[in-house]
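S.K.: One-letter residues, chain by chain:
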Amino acid sequence: MLEIKNLHVKLEEEDKQILKGVNLTLEDGKVHAIMGPNGSGKSTLSYVLSGRDGYEVTEGEAHLNGLDLLEAEPEERAAAGLFLAFQYPVEIPGVGNMTFLRTALNSQRKARGEDEISAGDFLKLVRAKAKSLKIDAEMLKRPVNVGFSGGEKKRNEILQMAILEPKMCILDETDSGLDVDAMRLVSEGVNALRDGTRSFLVITHYQRLLDHIKPDYVHIMADGRIIETGGPELALEVEKNGYAALLDKHGIAQEMA
Amino acid sequence: MSAVEKMTPAEARLARVTLPEGMGPQRRAALDRLVAMGLPGRRDEYWRWTNPTDLIAPEPVPAAPFADDEPALFDDVERLKIVFRDGVFDAEASDDLALSGIEISRLSEAGDVNWASSLYGTLETAGQTPVERPFAALNTASAEDGLLIRVTGKIETPVNLIYIHESESSDAILHHVVKLEEGAEITVLENGPAGARANIVMEVDVAKTARFHHIRVQGRDHERRMLTGIFARINEGALFKSFTLSSNGALTRNECVLDIVGDDANAHVAGAALGDGKSQPFHHDDTIFITHGAERGESRQVFKKVLKNGAQGIFQGKILVKPGAQKTDGYQISQALLLDEDSQFLAKPELEIYADDVQCSHGSTTGAIDETALFYLRSRGIPTEEATALLVLSFLADAIEEIEQERFRDEIVIRLEGWLARHRG
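Line by line, the protein sequences give chains A and B. In terms of the UniProt record's numbering, the first sequence has 71 at position 71, counting the first letter as 1, and numbering is strictly consecutive. In terms of the UniProt record's numbering, the second sequence has 409 at position 409, counting the first letter as 1, and numbering is strictly consecutive.
Be aware that a few hints might be false.
Here's a subset of chain B near chain A, in silico, CB distances under 8 Å, partners left out [to be verified]:
1. Trp115
2. Ile155
3. Thr157
4. Tyr376
5. Gly381
6. Ser394
7. Ala397
Treat the hints as calculated values from the structure; they're not laboratory data. Every value quoted in this text rests on a predicted model; they were computed, and no experiment measured them. Even glycine gets a Cβ: it sits at the ideal position worked out from N, Cα and C.
Construct all of the structure, not just a fragment, from the sequences and the given hints.
M.R.: Rendered as structure tokens:
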């Protein structure tokens with residue numbers, strides 16, 4: 001379970017408050033979607049939860065299954081089961097995808113006091129997962145994300161998710177830059193990982209991703225807070241009417257959002 | 001005061017130069033060149049960033065050999081092993097020099113009647129213009145030993161020169177001459193620190209369509225001081241390819257002077273250097289000069305340095321395109337990854353072009369670890385130190401890629417990983 005309480009965050013470099021009291025509880029096995037206009041703080045929330053530098057938590061807390069997330073290093077959060085699928089997956093020339101995946105898996109296992117996976121077992125695991133995601137074996141041999149298309153990069157994120165088997169997955173605008181077919185493939189990959197205990201936080205601009213990954217809850221974020229919570233129908237309402245009406249209702253000026 | 005005490009260190013060094021037997025006229029000519037140009041000082045343009053004092057000093061600064069339990073390099077490679085211990089040929093540790101398709105003799109035993117006598121010192125002499133290289137002349141004059149290698153066919157088995165450093169005060173001076181006849185091919189591997197101080201020159205004559213591969217690993221001794229000079233002449237359709245890995249070493253200056261004299265020839269030189277100035281100073285200097293004197297030549301210089309704890313990296317790289325060397329393709333990149341704020345990288349890329357239809361590019365960058373990439377790796381559970389090591393390997397990849405043979409690339413990467421494991425934090 002992920003519990004976020006009254007989270008306030010500002011940028012370290014400039015005195016700018018981005019999150020202004022986020023409250024959110026994600027029970028095991030549930031899919032929560034966060035939608036919101038540009039600059040509402042959606043991506044900041046994902047970065048703060050996963051431990052990226054450059055943000056200062058001024059108030060509030062976040063716990064993942066009892067672990068104080070905000071006190072933990074990014075690698076400790078990962079070992080505890082947190083996974084962030086990046087909006088822009090990073091290219092790492094010269095480091096093979098297989099090396100990267102194996103180093104990540106073994107680092108997490110080591111941190112949890114488990115044995116490292118053998119080379120043979122790892123190869124079997126990756127091949128099986130890659131096949132289910134329609135990832136070409138050739139892509140596994142290439143350096144991490146180098147020369148990958150937008151769709152391949154996102155599928156590579158889902159592959160990492162499938163191999164690392166996190167408890168809590170945050171998808172940061174996974175649909176951005178994907179065509180319809182690529183979005184379907186990625187969504188199928190995510191849906192295959194829904195096992196009744198794993199939870200997802202799906203951050204997106206658009207409702208269309210939620211046609212593929214059906215959420216249990218939809219939250220609307222604006223001006224650093226969650227202003228509305230509802231079921232999938234809330235996403236449809238936003239799709240139809242835009243954010244303007246909701247922002248008006250909560251007295252948030254459009255230019256701020 | 002006696003006369004000796006009044007001498008400057010450079011004069012004292014010159015006064016001590018003795019000319020071993022063999023190659024007499026070449027050695028005397030080299031000594032004349034050396035006396036005429038003198039040993040370098042800090043005011044010399046190409047020595048501004050590297051202090052030559054320890055290379056000039058009559059006696060080497062004592063240096064302890066470095067021991068670890070890593071397996072010896074190239075151990076699994078089927079090769080012809082030739083061992084020099086503190087600069088002295090070790091017959092017992094070396095393989096029989098006979099290898100079909102190749103003639104190898106020792107400089108100290110060759111006498112004057114040898115194909116090499118027309119080459120010994122010749123390429124070094126040519127490489128003295130327009131920039132003087134006094135230590136190379138010193139080497140030609142006074143080298144005690146070295147190998148003279150003549151290759152007439154395509155040789156699969158690499159020749160591996162192994163330089164062992166045992167004595168704390170050894171001063172190794174070795175001079176090799178490699179001649180590849182038309183269409184010949186060979187790989188020369190060099191590894192080890194050679195001595196407390198070493199001066200190693202290799203002259204390489206690559207005839208038409210011949211292919212020369214060179215992979216060098218300069219040992220892991222923290223305290224050694226080393227100067228190397230490669231002087232190559234590359235003929236029509238030939239390939240010259242050299243890669244150097246340097247990890248540790250108080251002082252390293254690798255000079256490489258390549259002369260493309262035939263059309264359609266390729267000259268590639270690359271290097272990866274890893275320096276940690278924590279327990280010992282680290283100063284590493286690559287000084288490269290590539291001359292295009294023929295048409296459609298292609299040259300590449302790819303140099304990467306990873307520096308931490310006050311380590312210093314220098315790159316001086318020049319491409320000279322002579323009149324008439326049309327369709328030249330020259331590429332040069334030098335990059336440093338500074339792992340802290342104490343380390344320093346100085347680069348001087350130079351292009352001098354006298355032909356109008358050429359393509360030459362150069363770039364030099366200095367940077368820190370990419371924070372976004374580091375976060376990406378850590379967000380997958382990889383601890384900072386391991387993530388940093390992966391990003392260092394990523395940074396060096398372009399230089400390693402310059403090695404054509406995959407099996408040697410893999411060996412180099414294992415060495416890099418070993419270094420990174422020893423130099424964490």
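S.K.: What are the numbers of the hints the structure violates, in ascending order?
M.R.: 1, 2, 3
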